Amino acid sequence: KAGVTQTPRYLIKTRGQQVTLSCSPISGHRSVSWYQQTPGQGLQFLFEYFSETQRNKGNFPGRFSGRQFSNSRSEMNVSTLELGDSALYLCASTKGGKNTGELFFGEGSRLTVL
Amino acid sequence: GNSVTQMEGPVTLSEEAFLTINCTYTATGYPSLFWYVQYPGEGLQLLLKATKADDKGSNKGFEATYRKETTSFHLEKGSVQVSDSAVYFCALIRDPLSNDYKLSFGAGTTVTVRA
Chain A
1 KAGVTQTPRY LIKTRGQQVT LSCSPISGHR SVSWYQQTPG QGLQFLFEYF
51 SETQRNKGNF PGRFSGRQFS NSRSEMNVST LELGDSALYL CASTKGGKNT
101 GELFFGEGSR LTVL
Chain B
1 GNSVTQMEGP VTLSEEAFLT INCTYTATGY PSLFWYVQYP GEGLQLLLKA
51 TKADDKGSNK GFEATYRKET TSFHLEKGSV QVSDSAVYFC ALIRDPLSND
101 YKLSFGAGTT VTVRA
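As you go down the protein sequences, you meet chains A and B in turn.
1 is the number of the first residue of the first sequence in my numbering; add one for each residue after it.
1 is the number of the first residue of the second sequence in my numbering; add one for each residue after it.
Bear in mind the hints are in silico, worked out from the structure with no lab data behind them.
Quick caveat, the model's predicted, so the values are computed rather than measured.
There could be a bad hint or two in this list.
[To be verified] Below 25 Å or equal to it, Euclidean Cα-Cα: the simulated DSS-like pairs (lysine-lysine) are: (1) B:K68 <-> B:K52; (2) A:K57 <-> A:K95; (3) A:K95 <-> B:K52; (4) A:K98 <-> B:K68; (5) A:K98 <-> B:K56; (6) A:K98 <-> B:K52; (7) A:K57 <-> A:K98.
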C-alpha cells in the first residue's frame, strides 16, 4: 500500500515568487492536513481538508491557501514568498470523518526561499 | 488553548540505556495524546497513543501512560538501540467529538544513541 506522496521533495524559490506543493494521500483516505515545520516554530498546523471542504485552518496569513480535489489529492499554495516561509511542509492523511489524531505523514517538501 | 511542553534536548545516550522524555500538556475537554517519531530524512510516524486517562500506549518497546492528575504523558524505553536515534514529538488532539482537526505538537526532542 503506497504511503503519502509529496511532490516536489525539494525546491528553491526567490522572494516574491509563488509555489504550489502537491500531496497524494493513501488510497481510501479522505482527509488531508498540512503542517509547516521549522527549527524555530516547530510543527504548526496550516489547514485540513475532507471531501474537498476545508474544516480547519491554522493561524497563517492569507498567502497560504490550499484545496482538495475529488480524488482526495491536495495542493497548497504560498504566494508572495518571504524568507521566513523556508520550511519543511508536511502533508498527512487519514481516513477522515472522526478526529482520531492518527495521521500518516509524507516525507515532506523542503522549500528554500532565497 | 491547547499546548504541549516537552523536555528540551538534545539527549545523548549509550546503547541499552534507559530513555525517558517528559511531556506535559494543557487542554480543554478530553484530549487524546500521542507520541510521533521522525527518523532522519523522513516524515513523522505515529509511535503510540492513549485516548483516555490511565491508558498506556506501547509500541516497539516504548511506553507512555496518560496521567490526567499530572497532565503528563512521559515516553519511556528500557533499553535503547542505535536505531532509536530520532526526533520525538509529543502531541495532542482535542476531544474527538470537537470540530478541531489539528494536532498540537511539542517542540520535539532529539535523541541520539551511541553504540
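Each hint tested on the structure:
1. The hinted pair formed by B:K68 and B:K52 meets the criterion: a straight-line CA distance of about 8 Å does not exceed 25 Å.
2. The hinted pair formed by A:K57 and A:K95 meets the criterion: a straight-line CA distance of about 19 Å does not exceed 25 Å.
3. A hinted pair counts as satisfied when its Cα atoms are at most 25 Å apart, and A:K95 with B:K52 qualifies at roughly 21 Å.
4. Between A:K98 and B:K68 the CA atoms are separated by roughly 23 Å; this keeps the pair inside 25 Å, and the hint holds.
5. At roughly 22 Å between alpha-carbon atoms, A:K98 and B:K56 fall within 25 Å of each other, so this suggested pair holds.
6. A C-alpha spacing of about 16 Å is found between A:K98 and B:K52, which places the hinted pair at or below 25 Å, so the restraint holds.
7. Only pairs whose Cα atoms come within 25 Å are accepted, and A:K57 paired with A:K98 is accepted, the gap being roughly 17 Å.
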